[in-house]
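Student: Read top to bottom, the protein sequences are chains Z and C.
The first sequence begins at 1 in this note's numbering and counts up one residue at a time.
The second sequence begins at 1 in this note's numbering and counts up one residue at a time.
Any given hint might turn out to be false.
In this list, chains with the same sequence are indistinguishable; a pair is considered to hold if it fits within one copy or across any two.
Under the rule of at most 30 Å between Cα atoms (straight-line distance), these lysine-lysine pairs were calculated in the BS3-like manner [stated by the list, open to error]:
(1) K580 - K550
(2) K407 - K550
(3) K557 - K576
(4) K334 - K130
(5) K155 - K85
(6) K318 - K369
(7) K562 - K580
(8) K576 - K300
(9) K71 - K562
To be clear, the hints were calculated from the coordinates, so they are not data collected in a lab.
There are 2 protein chains.
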Amino acid sequence: MIKDFQKLLKEKHIDYYIVPTDDDHQSEMVGDYYQVRAYLSGFDGSAGTLLVTPENAYLWTDGRYFIQAAKQLEDSITLMKMRQKGVPTILEFLSEHVEDGDVIGFDGQTMTYQFVNQLEDVLDVDYEIKCIDLVKDFWKDRPERSHEKAYIYDKQYHGMSAGEKIEIIQEYMKENDCQSHIITTLDDIAWTFNLRGNDIPCSPTALAFALITLDKSFLYLQQGTYDLDLVKAYQQENIFMKDYLDIYQDAADLKGRVLLSTNNVNYELVNQIQCEIVDGTNPSQAFKSIKNDVEIKNTKNAHIKDGVAVTKFMYWLKNNFEKINMDEISVSDKLLSFRSQQDLFIEPSFTTICAYQENAALMHYHATKENHSDIHDGLLLIDSGGQYLDGTTDITRTFVLGKVTDKQKYHFTKVLQGFLALQNAHFLYGAIGLSLDILARYPIWADNIDYQCGTGHGVGHFLNVHEGPHGIRPVIRSTENTPLEAGMVVTDEPGVYLEGEYGIRHENELLVVEGVENEYGQFMHFETLTYVPIDLDGIDIDLLSNQERKWLNEYHKEVYNKISPYLTNAEKDWLKEYTKEI
Amino acid sequence: MIKDFQKLLKEKHIDYYIVPTDDDHQSEMVGDYYQVRAYLSGFDGSAGTLLVTPENAYLWTDGRYFIQAAKQLEDSITLMKMRQKGVPTILEFLSEHVEDGDVIGFDGQTMTYQFVNQLEDVLDVDYEIKCIDLVKDFWKDRPERSHEKAYIYDKQYHGMSAGEKIEIIQEYMKENDCQSHIITTLDDIAWTFNLRGNDIPCSPTALAFALITLDKSFLYLQQGTYDLDLVKAYQQENIFMKDYLDIYQDAADLKGRVLLSTNNVNYELVNQIQCEIVDGTNPSQAFKSIKNDVEIKNTKNAHIKDGVAVTKFMYWLKNNFEKINMDEISVSDKLLSFRSQQDLFIEPSFTTICAYQENAALMHYHATKENHSDIHDGLLLIDSGGQYLDGTTDITRTFVLGKVTDKQKYHFTKVLQGFLALQNAHFLYGAIGLSLDILARYPIWADNIDYQCGTGHGVGHFLNVHEGPHGIRPVIRSTENTPLEAGMVVTDEPGVYLEGEYGIRHENELLVVEGVENEYGQFMHFETLTYVPIDLDGIDIDLLSNQERKWLNEYHKEVYNKISPYLTNAEKDWLKEYTKEI
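Construct the complete structure from the given sequences, taking the supplied hints into account.
Tutor: Written out as C-alpha cells, the structure is:
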C-alpha cells in the first residue's frame, strides 16, 4: 500500500506528505471518511500522524498505542514513539530533514492551521507547501463522508432559540468591530444553531460550517442531510442553508473583519480568507459553558436516568461476579444495555474505558475484541457516559470484586478523600480551576503520587463530553483562566494509577451554583449531578475523618433517595446496604 | 498651615499639588524627612495622599485611618474615604476637575512614575506637569534626610560576596542586551551589595541608589554615612562610591539600553533617562527570594531565638494575666524586651500589631499611646517580628486569656485547620502560590467567611519583612506567577476577622524544600521555621481530624525540643503542658 503511495509522491514531485488524524473541524473523534492515516499505514488507533517521503514512512503515536501500532503498521513504516527519549517530534524531524526547494504536501482541509504555523516557525529553509488531497483518487473504496440526518434540537431540552443565541454572538461581533464570524467547530455550531446530527462517533453533531453576519446567518450542510422543514424553520430565524463545501469559496469573498478562532481551524479555510482575521475564541464557547435553567433541569434528569443505569449495572456486576464469565468487553456491553433501556438515550458519550487491574493503570486503555482481560478478584475501573436527548453524562466508578489488598483499599480511600474535598468545596467567586485543583490532589500528593492529568473538564449539553473553556487543572491553559461561573458543569475525577498493578478513579459531574453573598463577596459551591454509590467495599473507614464520613454518608443518602424509586425490590435492598452510613 | 501653602501655590501658578507618602525609593515605610503629607495635613497615619489646590485640599486614606484622619486633619481638608461608595479615587477626581491649561505639580523624586503614567491615561485635557519640591523652603524645621551609618553585611550571615551577586546580574543584563542597570529599591540594593543601614524604620537598609554596568558598579550613598574601610572593601569588588543625588545626573548620561523596573521608580529619575529603557523586574528580586545554604542556616537560628523570645513572652502573659495591669502597649513593650535580650537582635521587623478582641478585627490596627485597650478576658492577637543580624522573623499568635466563648474557640480551630493544611502540604514542583491558597481558606470558606487578604508573603534575609516575587494569594498578581522554589521563605497566615467582635490569626514562616523526585516529577513541601506553641486553650479538639491532631502534636513536640533548652525550669514545665499531645 505505502509503496504505491510513494510512487504517487514521486510522480507529483512531493518530498514530504503529512497525514494527520483530523477532519475539517478538528473534532476529537473523526468519521470513517477521514481515516486516511489508518488506511495508508494499517494502524487504526485513535491518534497518530503519518509522514511519507518517496523512500520512507514514519508514524508518530503516543504511549497508549506503541504495542498496537507495532503490530499493525506496515513493515516499511518506522514507528516514532512520542515523548520517548531521543525520539524527535514530527516538527523536529522535519526541521532536521527538509532542504531548500523541498515540497511539503498535505490535504489542507484536514491539516490544522496551527501546525502549518509551527512548521513555518521551525523551518528556516526555502520550502514549498502544496495543498493537495492525494488520497482522493488513490483510496478506491474510501467510505463516503458521513451524511446522517441533521435535525433541530427541540427547544424543550435547552430553552433558547437559535435566533436568540445568534443575537448575543452578533452583539459580541459588534463590540469587536467584526462584520462576520466563521464557526468551524462542530459543537459550537451545534449549540449556536440548535443543530444536531450523527456524523461523529459519540457526539451528536452534524458535519457543518457556519457563517454569521450582522444581519443574517448561513449554515453549510451536506446536501441530502436535511429536509424542507428544517430549511423553513431556519429561514424564520434568518438562517439560510448552503452546501457544505461552499464555505471555502464564501470565506474567500468576505470583506471587512472576520472573527475566527485560528486555534481550531483547518489550514485551507484560513488560506482562503483575504480580509482581516480577528483571532479569538468563539464567543459561543463561553456562552454554552454556562447552562441555563432549562438545560440544568434537563441535565439533572438525564443524570438520574444515567445513575439508575449504572446502579443497576453495579448490582448486576456485584451479584454475578464469579457466577458467570466476565471480561472487559462483555461487562462493557452489559453496561451499555442498561443505558439503552433509559428514556431518550441515544449513544455512549465516549468510548467506554472498562479496565481490569493493571489495565486501568493505562489512563487511556481501551479493551478490544482482540486484546482484553477476563475479570476476577481485584479492581475494575469503568469510565463511561451517555448521550441523552436531555443531557450528556460522564461517570467513573472503580468496583471492588472479590478480594482486594490493603494497599488497594488505601489508595481507593485516598482518591476518595480528594474527590470528596473538591465536591464539597465552598469558594469565593473569582476562583478558577487552578485554585481548586489541589483539593483533589492533596491526599495523594502527600504520598508522592500524582495522576498526571487534569482533575476535571467541562461537559456539553447533549454535546461533546469534553467542553471548554473552564477546567480544573494544576497548570493554567490559556483558555482556562476563567472563573467558575454558576451554571458551569465540571467533572471531579482524581485517581491513582500504578503501572503494572491497578488504577483507581472516582468521577462525578458537578454543577457550579451560587451560595451566600455577604460582605466578603459571592460564595460558590457545587451541586452534585451524578448519583451512583462509591463502592463501600473499597473504603478503609479508619482513614476517613468525621467530616469525610459525613460527606460520604450524605452523598449516599441522596443516591438512595434519588435512584431507588427506579429499582426493583431486590436492587433496592442491595442499594440500601451499599449506601448505608459508615 | 494649609492656607499658607495654598498661597504658595497661587504664587507659583500651580492648580493641583499632589503630596504622596513616599521616599525616593517607594519604600514600604518612610523616614521623618519624607513625612511631608503629615506635616502639611496634620494626619500622621502610615498611608495617605494629599491633594492641594489654591482653594481646597483633600486627603485620601483607607479604612484603617478614617477615624484617626477625621480627628487629626486640619478643618479645611476634606477627608476622601478610599473604596467607599461614591468616593472617587484621586485619579478619578483629577480626571473630573483638571481643565485645559491647568498645572499639576509635585516633587518628582517622591512621586511614582506609575502614578504619572496613570494620570496621562485618564486625563484627556491639555495640562502641564511641573516637578517642583514646594515644601523644600516652606517646611522650616524639616528633619534632615536620615543619614545613619551604612555598613557591609558580614559574609558569615549570607555567604555570597557582592562581586558574585553582581556577576549573575551582569549575566542577566547581557542576556537582555542591556549595558546598564539602575536599582532604586533599597532591599534590592541591600541584597546585591551586601549593604545594610538604618535609614528606614524596621528595615535595615540605607538610603542608596545603584548603577551596574557590564564592567563596574556604583553605589550612591549620602556623604558621611560610610567610612574609608567600606570604600576600600567595595573597590576590591569593582564597586565605586558616588554621592546619593548624583544618580539623577548619571541617569541622564546613560547610553545604550538600561534595565530598570519602572514599577518601583520615581518619576524624576525616569524623566532624566535619555537612552532606551528595558522595563522588567529587578533580577535581584528573584535571586534574593531563593535563600542559599548559609542564609538558611542563619535564618533557622534567628527563628529559634525569636521562638524563645515569643515563648517566654507567652509564659509571662499567661501567668501574669489579671495579676498585673496589661494593655496593648505595655504587652507589646514586654514582647520587645524579650526579643531585645536575644543575641544579634537589632529592631522589630515591622510595627507590632497587638490587638485585643474587636481591635484585632481591624486587620491593620496599631495601638497608640492615645488610643489603645486594656486587656482582660478574651482573645489577644499579636503579629510581630524581629530583625536579627542572622535573619528576619514574622510571627502571629492569638492568645487566649481567661474566659472565651465557644464561637471564639470554633473560629480559632477553623483557622488552625487551614493553617495546618498549608503548613503540611506536599505539592509537585510547578505549583504557584495560587495553587496552594485554598488549603488555608477551605475551612473558613465553608462557613462563608473570608479573610480578604493574601495567605502568605515572602520574607527577606535581614531585610524587608515583605518580599517578592512569590506569595500565596487567591488571585495572581503579575509578579507572583512564579513557582515556589526550594529556598524560598513564605508565611502561612490565615485568619478570621469579625467586625466588632474579635480577630484570630495564626502565622508561621515556612521554608520551601525539595522532597522526593520520582516518575511524577519533583515533589516539594515546607519546613517550618517558626517555633512557638499554638495556644491549646483556644482549640476545640473535637473539630480536629486525627490527621490534624497528629500535625499539631508533631509541631508542638518540635517546639518543645527546639525551644525548651533556652528556658528556665518554670518556663520549661509550663511549655511541656502547652505542647502536650491532644
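Student: For every hint, state whether the structure bears it out.
Tutor: Each hint, compared with the structure:
| no. | hint | result |
| --- | --- | --- |
| 1 | K580 - K550 | both (12 Å within a copy, 29 Å between copies) |
| 2 | K407 - K550 | both (24 Å within a copy, 22 Å between copies) |
| 3 | K557 - K576 | within (9 Å within a copy, 45 Å between copies) |
| 4 | K334 - K130 | neither (49 Å within a copy, 82 Å between copies) |
| 5 | K155 - K85 | neither (52 Å within a copy, 43 Å between copies) |
| 6 | K318 - K369 | within (23 Å within a copy, 74 Å between copies) |
| 7 | K562 - K580 | within (15 Å within a copy, 47 Å between copies) |
| 8 | K576 - K300 | within (22 Å within a copy, 56 Å between copies) |
| 9 | K71 - K562 | neither (47 Å within a copy, 62 Å between copies) |
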